[in-house]
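Peer 1: Below are the chains, spelled out letter by letter.
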Amino acid sequence: MGPLDLAVANLTSAPVLAFAVGVLATVLRADIRLPDPVYQAISMYLLLGIGIKGGVGLREASLEEVALPALATIALGLTIPVVAFALLRVLTRLGPIDRAALAAHYGSTSLVTFTAALLFLEASGEPVEGFAATLLALLEVPGIVVALLLARRYRSDGDRWGEALREVVTGRSIVLLVGGLVIGLGTGDAGYAKVEPFFGAIFSGVLTLFLLEMGVVAGRRLGDVRHAGPGLVVFAVGFPLLTGSVGVLAGHATGLSVGGAAILGVLAASASYIAAPAAVRLALPEANPGVYLGSSLGVTFPFNLVAGIPLLAALSQALG
Amino acid sequence: MRTELQLVTVIAESILEHRLVNEVQAAGATGWTITPARGEGSRGVRAADWEGGNIRLETLCSARVADRLLAVLERDFFAHYAVVAFTQQVSVLRGEKYRA
Chain A
2 MGPLDLAVAN
12 LTSAPVLAFA
22 VGVLATVLRA
32 DIRLPDPVYQ
42 AISMYLLLGI
52 GIKGGVGLRE
62 ASLEEVALPA
72 LATIALGLTI
82 PVVAFALLRV
92 LTRLGPIDRA
102 ALAAHYGSTS
112 LVTFTAALLF
122 LEASGEPVEG
132 FAATLLALLE
142 VPGIVVALLL
152 ARRYRSDGDR
162 WGEALREVVT
172 GRSIVLLVGG
182 LVIGLGTGDA
192 GYAKVEPFFG
202 AIFSGVLTLF
212 LLEMGVVAGR
222 RLGDVRHAGP
232 GLVVFAVGFP
242 LLTGSVGVLA
252 GHATGLSVGG
262 AAILGVLAAS
272 ASYIAAPAAV
282 RLALPEANPG
292 VYLGSSLGVT
302 FPFNLVAGIP
312 LLAALSQALG
Chain B
106 MRTELQLVTV
116 IAESILEHRL
126 VNEVQAAGAT
136 GWTITPARGE
146 GSRGVRAADW
156 EGGNIRLETL
166 CSARVADRLL
176 AVLERDFFAH
186 YAVVAFTQQV
196 SVLRGEKYRA
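These protein sequences, in sequence, are chains A and B. Just remember that the working numbering sits 1 ahead of the position in the first sequence, which is counted from 1. Just remember that the working numbering sits 105 ahead of the position in the second sequence, which is counted from 1.
So that you can see chain A by itself, here it is in the shape it has in the complex (with noise of 0.2 Å):
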């Protein structure tokens, strides 16, 4: 498929109008929220679904193929909070602790992007190597401990990053997704055949349901973006294209596939919303909630499932 056709494909994806369908329900008042317990057991499910898969493809692969894309996976991760930081002084006047925030936004990743992500390319038929989950773990912590290091020189009051860092660490997101991996590890295809029809045959139908109440989410978020200023947006559409092709072309110096490549230019270009935010919080509680959702979540996110995506798949396909 050409760009214009992936774009097409994409837009018109069940995931992508079901997040459209959720932004205009919030412009237009419509309570469609689901119910905390739901969202609570979706996000498990696709947690520990990626991680079952993930796990499944890191026990087919070879050492010599994980190892230097892993490597190159934290290399991101330790950088982007880093360029992110000094980025962010020269487009915005936001002050150190709200760019440091913003820096582990950015330098963690998005499991939902990246599950979306995986769908386009399958749908496109691009194939991604199976260990692409793992890559996701590894990127999900670095960035934010970085990003709290980089704050850490301009507090003064109660140092809170050891709470934070455990709350990442033993946080839902990397026990589900780590614990999916050894699932995934010890079972294999055999085992993997008997709950396919749970983890892999529905998984995009709820996976759009997901995405409606990301829609909502989103959606409340548009007016916090509007405050933010120009800097901001700027920041939060440049940077992960910025990020995304640096991403995608240390995918193909480390020897992934097209889609493999794409598939860590997206993980590089998406920013946190589920990790992260709790970690800023409670390390950073004087930073503006309002500016790092508002940016990952607000603008980083839509642009990703939108545009980021398929512009990334394109490039990859460019390269390769």
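No lab work stands behind these hints: they were computed from the structure. For every residue, glycine included, the Cβ atom is placed at its ideal position computed from N, Cα and C. Careful, some of the hints might be misleading.
[What the hints assert, rightly or not] Which chain A residues stay away from chain B? Per the calculated CB distances, all over 12 Å, these:
(1) S63
(2) V234
(3) V238
(4) R282
(5) P286
[As the list claims (entries may be wrong)] The following label-pair restraints were derived from C-beta to C-beta distances:
(6) G200/B with G96/A: 46 to 52 Å
(7) T192/B with L150/A: 55 to 61 Å
(8) V126/B with L12/A: 44 to 50 Å
(9) T192/B with A76/A: 49 to 55 Å
(10) Q194/B with P38/A: 31 to 37 Å
(11) L112/B with L12/A: 53 to 59 Å
(12) V126/B with L223/A: 56 to 62 Å
(13) G200/B with I75/A: 54 to 60 Å
(14) V126/B with L25/A: 35 to 41 Å
(15) A10/A with E179/B: 39 to 45 Å
Start from chain A and add chain B according to the hints.
Peer 2: Just chain B now, with coordinates in the frame of chain A:
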């Protein structure tokens, strides 16, 4: 036989649950109840508003413990977090249960 005690109610963003429970224990309360809560206040925005919302924490304790807990809330929580706290005088059966 009823004893006069303080009922301290804290409504806060759910991310603070562990930390608040630690403070309640440190202040000397013998137990607490946590329920999920919804609502709106002057803060509006919170990081966790789509991951758990708010909690309502209640504890029965002596006036001394209540004072200690409120002082900690004032010092460490009010500035940056969405937290509401208030106390009521209540009559409790088996009051000795709630005194450490």
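Peer 1: Flag every earlier hint the structure violates by its number, smallest first.
Peer 2: 4, 5, 7, 12, 15
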